[in-house]
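Residue numbers (the working numbering), protein chains in the order written: chain A, 193 to 485; chain B, 193 to 485.
Some clues are possibly wrong.
Calculated from the model, a selection of chain A residues having no Cβ within reach of chain B, i.e. all distances over 10 Å [unchecked claim]:
(1) L201
(2) D284
(3) D306
Simulated restraints, written as ranges between beta carbons of each label pair [unchecked claim]:
(4) A:P278 to B:Y219: 42 to 52 Å
(5) A:K321 to B:K321: 17 to 27 Å
(6) B:E454 to A:K321: 35 to 45 Å
(7) A:Y285 to B:Y219: 29 to 39 Å
(8) B:Q434 to A:P278: 15 to 25 Å
(9) B:T363 to A:T482: 51 to 61 Å
(10) B:Q434 to A:T482: 49 to 59 Å
(11) B:H435 to A:K450: 52 to 62 Å
(12) B:G297 to A:L421: 39 to 49 Å
If you are wondering where the hints come from, they were derived from the structure by calculation, not from laboratory data.
Quick reminder that beta carbons are idealized off the backbone N, C-alpha and C, glycines included.
There are 2 protein chains.
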Amino acid sequence: MSVEYPNDLVEKVDQALDGFLPSEEIYPQVLYKAMRYSLFAGGKRFRPVLVLSSALTFDADVEAPMPTACAIEYIHTYSLIHDDLPPVDDDDYRRGRPTCHKVFGVDIAIMAGDALFAEAFSLVARLQKAGSSSKILAVIRELAEASGPGGMVGGQVVDMISTDDQVDLETVTFIHTHKTGRLIKAAVRSGAILAGASSNELELVSLYADHLGLAFQITDDILDEVGTLDELGKAPGADKKQHKVTFPLVMGMEEAKKTAEEEIKKAKMTLEDIRRDTGRLERLADFVITRSS
Amino acid sequence: MSVEYPNDLVEKVDQALDGFLPSEEIYPQVLYKAMRYSLFAGGKRFRPVLVLSSALTFDADVEAPMPTACAIEYIHTYSLIHDDLPPVDDDDYRRGRPTCHKVFGVDIAIMAGDALFAEAFSLVARLQKAGSSSKILAVIRELAEASGPGGMVGGQVVDMISTDDQVDLETVTFIHTHKTGRLIKAAVRSGAILAGASSNELELVSLYADHLGLAFQITDDILDEVGTLDELGKAPGADKKQHKVTFPLVMGMEEAKKTAEEEIKKAKMTLEDIRRDTGRLERLADFVITRSS
Chain A
193 MSVEYPNDLV
203 EKVDQALDGF
213 LPSEEIYPQV
223 LYKAMRYSLF
233 AGGKRFRPVL
243 VLSSALTFDA
253 DVEAPMPTAC
263 AIEYIHTYSL
273 IHDDLPPVDD
283 DDYRRGRPTC
293 HKVFGVDIAI
303 MAGDALFAEA
313 FSLVARLQKA
323 GSSSKILAVI
333 RELAEASGPG
343 GMVGGQVVDM
353 ISTDDQVDLE
363 TVTFIHTHKT
373 GRLIKAAVRS
383 GAILAGASSN
393 ELELVSLYAD
403 HLGLAFQITD
413 DILDEVGTLD
423 ELGKAPGADK
433 KQHKVTFPLV
443 MGMEEAKKTA
453 EEEIKKAKMT
463 LEDIRRDTGR
473 LERLADFVIT
483 RSS
Chain B
193 MSVEYPNDLV
203 EKVDQALDGF
213 LPSEEIYPQV
223 LYKAMRYSLF
233 AGGKRFRPVL
243 VLSSALTFDA
253 DVEAPMPTAC
263 AIEYIHTYSL
273 IHDDLPPVDD
283 DDYRRGRPTC
293 HKVFGVDIAI
303 MAGDALFAEA
313 FSLVARLQKA
323 GSSSKILAVI
333 RELAEASGPG
343 GMVGGQVVDM
353 ISTDDQVDLE
363 TVTFIHTHKT
373 GRLIKAAVRS
383 GAILAGASSN
393 ELELVSLYAD
403 HLGLAFQITD
413 DILDEVGTLD
423 ELGKAPGADK
433 KQHKVTFPLV
443 MGMEEAKKTA
453 EEEIKKAKMT
463 LEDIRRDTGR
473 LERLADFVIT
483 RSS
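For reference, chain A alone in the conformation it holds in the complex (with noise of 0.2 Å):
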């Protein structure tokens, strides 16, 4: 089974990346390069994309969430950047080309990180004039919790304090929920929040994200292992030889696919109590359990 992403939003984000983020004839360049050369680094912005499908879902039109969408890949780019730094995770590579820091300098690589970060509030306060300010505050408040230490600051240190001999599932879940599926909610939350979903509505779409992240997270472990190097951008098996602490490792290979496909069977559940269209949060669940790379 294939399901089509909806590849429509991935172009309206990436035009809208190009224009929000400042332009490298900027003085000092080599910081804007920089920033600009991991933001375009390809990638399917799936961030964005449940950004705006949780607006869409609430009846949002497509360009009022923008903003915030972008800034989600902000954060998402600078996590990367500073995850793939020579004392952190040192990776070479990554979606097929150099990282941030092989090009240009694990110092500038630092700084460039540093702005993104910065830039996604900025962006937020300065142009998401959908919602009101206090809905835009709540929003700078989903961004700001879910990438601190209670988010994915806080997940990627037990993901580097952890190493494989002593793992457990609660680790691996800690770890995963943090790094990655609090961000993750954060946009699936951000969209309906700009979007004026009711209280009950939040809830479950929170509840609906929780559930995708965490399959998200499993199907990534996955397809580290068996994935090609064609398919991931980078070698396969790179979690296990940095001793990455991983789903498949801890619950064997079986165990982490069925249950990848039970979160997204329970996501899809959720979405059935929202009494709206939610057929495009449903794709996207399909999406997740299919995919490839």
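The hints should help you fit chain B onto chain A, whose structure is shown.
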């Protein structure tokens, strides 16, 4: 001449920081320990004191802008952690103590910086209650722009790529207005915004902050050269050793001192046009020009 620094405000800021910052008992503890270690390394809390002093000038309560005041200290601390890293300035000591990465490792230090930056926005978005939502959004915009590529990070990058054999006054001014000046300006502006200063008053305190920030950085450069180990908490002459671009280097020590004095004079002249009790801001200007550390 020695000018009294508002230590009563420093005490309130330290208490608030302790209350806002997540406990070291939270998992993963090493992350929260590293955040606290760097945040409680001493220091005069100059930026939070500016937020509070500016807010008090426009009749706010001292507690009202406290989340914003503390958030700016988070941002300042995060920038110090990242600037001290081996791939950047490679500093072993800061305020007389080993730098964050010397104690916790480079990987944790990168993440502790990232975590403090995220927490800064979380703090303002969650807890900054005084001021309407649109004023709080304006403050978030100040913080994000001051710390991003058009502010602090941009200044740091120019600092990194400039060495003393290619130094000119334009470059050193760019570095300092961006790396230090922009956040000092954001501190002064944020306090005024939250307190409801008029747009004319906001313009005037911004001008005050521009002059103050420049004088602050020039005196910092001067102190780095003439201060003692005890005053600086690190070896004097560090800038020279690192081939840092400084004002004394570009314009000579005497001219640098004269320029700092002139900037302080201009800062105080600007205050004369504000029809409020500007005594607090005036004393801070006097402090900057007379401080020995």
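Numbers of the earlier hints that this structure fails to satisfy, in rising order: Violated hints (numbers, rising): 3, 4 and 12; every other hint is consistent with the structure.
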